[in-house]
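Colleague: So the protein sequences, as listed, match chains A and B.
Per our numbering, the first sequence runs over residues 1 to 452.
Per our numbering, the second sequence runs over residues 1 to 89.
Calculated from the structure, these hints are not laboratory results.
Here the structure is a predicted model, which is why all the values come from computation and not from measurement.
A couple of the hints might just be wrong.
Distance condition first, Cα-Cα at most 27 Å in a straight line; then the derived DSSO-like pairs of lysine-lysine [what the hints assert, rightly or not]:
| id | chain 1 | residue 1 | chain 2 | residue 2 |
| --- | --- | --- | --- | --- |
| 1 | A | LYS98 | A | LYS128 |
| 2 | A | LYS48 | A | LYS125 |
| 3 | A | LYS315 | A | LYS244 |
| 4 | A | LYS54 | A | LYS125 |
| 5 | B | LYS79 | A | LYS98 |
| 6 | B | LYS79 | A | LYS244 |
| 7 | B | LYS79 | A | LYS54 |
| 8 | B | LYS52 | A | LYS245 |
| 9 | A | LYS125 | A | LYS232 |
| 10 | B | LYS52 | A | LYS58 |
Now for the letters of each chain:
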Amino acid sequence: MFNLNEILETVDMISRENLDIRTITMGISLRDCVTGSSKTTMTRIYDKITRLAKDLVKTGEDIERDFGIPIINKRISVTPIALIAESCEEENYAVFAKVLDDAARAVGVNFIGGFSALVHKGFTKGDKLLIDSIPEALSTTERVCSSVNVATTRAGINMDAVKQMGHVIKECAERTKDSGGSACSKLVVFANVPEDNPFMAGAFHGIGEPECVINVGVSGPGVMAHALKSLKGADLGTVAETIKKTAFKITRMGQLVAREASQRLNVPFGIVDLSLAPTPAVGDSVAHILEAMGLERCGAHGTTAALALLNDAVKKGGVMASSYVGGLSGAFIPVSEDAGMTDAAICGALNIEKLEAMTCVCSVGLDMIAIPGDTPASTISAIIADEAAIGVINNKTTAVRIIPVPGMKEGDVVEYGGLFGRAPVMRVNPFSAEEFISRGGRIPAPLQSLKN
Amino acid sequence: MKAVITVIGCDRIGIIASITGILAKANVNILDISQTIMQNIFSMIMLVDIAKMNCEFAELSDRLTEAGKDLGVDVRIQKEEIFTSMHRI
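Looking at chain B on its own, in the form it has when it is part of the complex (with noise of 0.2 Å):
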């Protein structure tokens, strides 16, 4: 089971080591990661495996917008298959 991560918002120091010790606590591994900088607009987009991870969805989901707060960043987790449905015939 994959989702997605996005992470979008001013960039700064510390933001993935933020994201990915969050991911690492709650046993979720990270298959691919990109970032770009557009009109200095940080955005990182990660796809994890989510089938061993340790915790809820809902709880993870929590963590990483709570930690996006601290970070000053927008952080949100979707299941993979909006993008399937959406984007793939």
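Just chain A, same shape as in the assembly (with noise of 0.2 Å):
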């Protein structure tokens, strides 16, 4: 039997500290849709997604009810579509995200990822096609999400990728300015990109993986707050301590969420992501663990290395509740979607700068950051190589989720509602970097040793 405070614990994680599940994801590959004929192609990737993911979303709701933990998204991945539209004859892939937006919509869940091309080294002819049709795709589609890999540590930075990827941004913008540049919300440029990465908007089905497969993201920075509340003037040592054993309790109810998926739907599991990822709801932010920990605004001095501390504890303590780690796992820093963060950039604690160095210790990037909607492509693609610079040199994965939001100046405030929150337009460098981001080519793979 299991004492009153263990049970009263776990309950008030649930009730009050907004303790949940964020996602499970179900990867399907499509490798076996294709047929040469982007006709036959469509039918059978939309035939298979609805077979394999049609009790999907039932099932979740089912282990929600069971164990009485909110499981907030059920979600699929895909194979790159790249790599499964290549051989068809069709040259506006955008008709595939329809199949696909379609497929989502019939099953119930509300992102689709996948949309996707891996082109650290090169492109082929159908991650150029896929890229030129991401603006369509993204504002003709309600739950299609799309992904880019432009660097990998042993492939270097395709700065060809990097450059037309400002313009893609740019485009995605302009498409849906009556909504704020919406489509920029749904599209991520990576550098080392993870296969198995269960939340959106950069998941897809990566190639080693297998037929079909059950990801689980877990969530949970409320807990973490409230854990590091009642450690008032407490050395970092025991803060970390309290982290890791707050990580493992919820990770261990991702690992269960993911078992009993995996059992229910006959599907092999993947992966758990320790991820703690925010939401605009109060009291589920990350900022807001930083701030416990006892800087004034998220995004001060020190917030690096709170960051830092945040992040490995959580990883230690993650890592021993699961059987299978993978994904992101880090905590994500959205300034959108995190009501702390939002509360920083609008107040000046927090600036692009700072959250460029955050992304050095943590997962996963410049995410949900918009910024003025005049800035030049050349400027953002800069952006997406200083970022990708950094996963490179690291050895980590790093992304750029950011939206030039049309019409809109460095103060505005930009709602998205939902899970996107609302994101205050932030200052960018006013300094130009076309000359170097139009030279193009690739940045050499980095020395693995010598590190300095």
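Assembling the complex is the task here: the two chains are given apart, and the hints tell you how they should meet.
Modeller: Next up, the structure:
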């Protein structure tokens, strides 16, 4: 039998501290859907997704009910569409996005990821066509998410891709200018992208993955912040220890849900992603954890150190709690989706330069950041290049999900609503990187020794 | 198969009677029960055996939530594994 305190602790975490399972994501391989004809390929894609994922939402809801733990999202990731569509005669891949969107709607998931291309060393014909189709795909569908991997530690940075993504992001924003450039919130540019990430918008089903797999993303910034509030004045060793223990408990919950979902759906269990994923809800903020450690505002000097401690301790606690850990596994710092980050950016405590420094010690990157609509494409590319360089040199995943909000300028606030929250338009360094970006080519893979 | 029922809220007459009535009707056996009052907040925890339950788990959960609303307390039933996985290695 459990003691009273243990049971009440769990119940409190769920009912008062926003503990939840952020997502159950079903990864589906579409490799066997390729026929060479776009018509039959699309039929196969639709049929396969709707067949394998037909019980995904219901199973998620059943688990939610049985264990009394909210499971916020049920989602699907698929093989990068550039690989699947490549052999077809079709040149506009937006039609494939439409099929994914229809399949997602049919099974009731809110996002489907995998309108993706991996171009860290160069483009194939399919990669080119996919990237050209991204603005149309994201502006004409509701649930499709897209990602492009432009760099890896082993290949270096494909600066031609970086350059092009600046334009793609601008066009995505322009095409959805009525909703604050919302298409950009469904597009992530990665370095060292993981193949088993369950979190959107960057999820896709990697080519080394099995036929079908269940990956689970946990959450729990609120639980973490609550645990730290009782530690006023304690030294940082104690803080790290408390984070570890709390992360262990949160992850065990993720492991349980992952195992149950995998059994009930008869699909192998892939990984639990140990990320601390905030939402705009009060009490569900990563920034507030950092503030609970003693920073007046997230973004103050000391934030990078506090985040490094947090991220490392979460991993140490989580790794022991789950048999397989993967995905992004780190603390997310999306500006619009985290009430504390939003406030910090509005009051001037947090700027893009500090966020960039923070991404050196945590996943995932510059996430959900609104910038002025007139920011040149080359500056966006330069932001991507900086972030990719951090990932490539430090052997970690980094990413950019940035929104040049049409018609808005520094200091304005754009409302996206729901999980995407609201974003203050942040200052971008006005000096140009045009000449650097227009050079194109590749930045060679870095040295793996002589590290300093 | 076991589940844990937690009841949290303001103390009043009839809470236990109402909850146990629902359990008896669903053929759910109570294995252990403990309660405490902390700062005027009543909390009761029951360990129950649902192996011979005569209705769906979801239905029992709905009935308990309903009863909780009438009583002005928060009632939840959760399968035991969530607590074992969280608190036992």
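Colleague: Does each hint fit the structure? Answer for all of them.
Modeller: Hints and how they fare:
no.	hint	in the structure
1	A/LYS98 <-> A/LYS128	holds, 18 Å
2	A/LYS48 <-> A/LYS125	holds, 25 Å
3	A/LYS315 <-> A/LYS244	holds, 8 Å
4	A/LYS54 <-> A/LYS125	violated, 33 Å
5	B/LYS79 <-> A/LYS98	violated, 40 Å
6	B/LYS79 <-> A/LYS244	holds, 25 Å
7	B/LYS79 <-> A/LYS54	holds, 25 Å
8	B/LYS52 <-> A/LYS245	violated, 36 Å
9	A/LYS125 <-> A/LYS232	violated, 58 Å
10	B/LYS52 <-> A/LYS58	holds, 24 Å
Hints 4, 5, 8, 9 from the list above are not met by this structure, while the remaining hints are.
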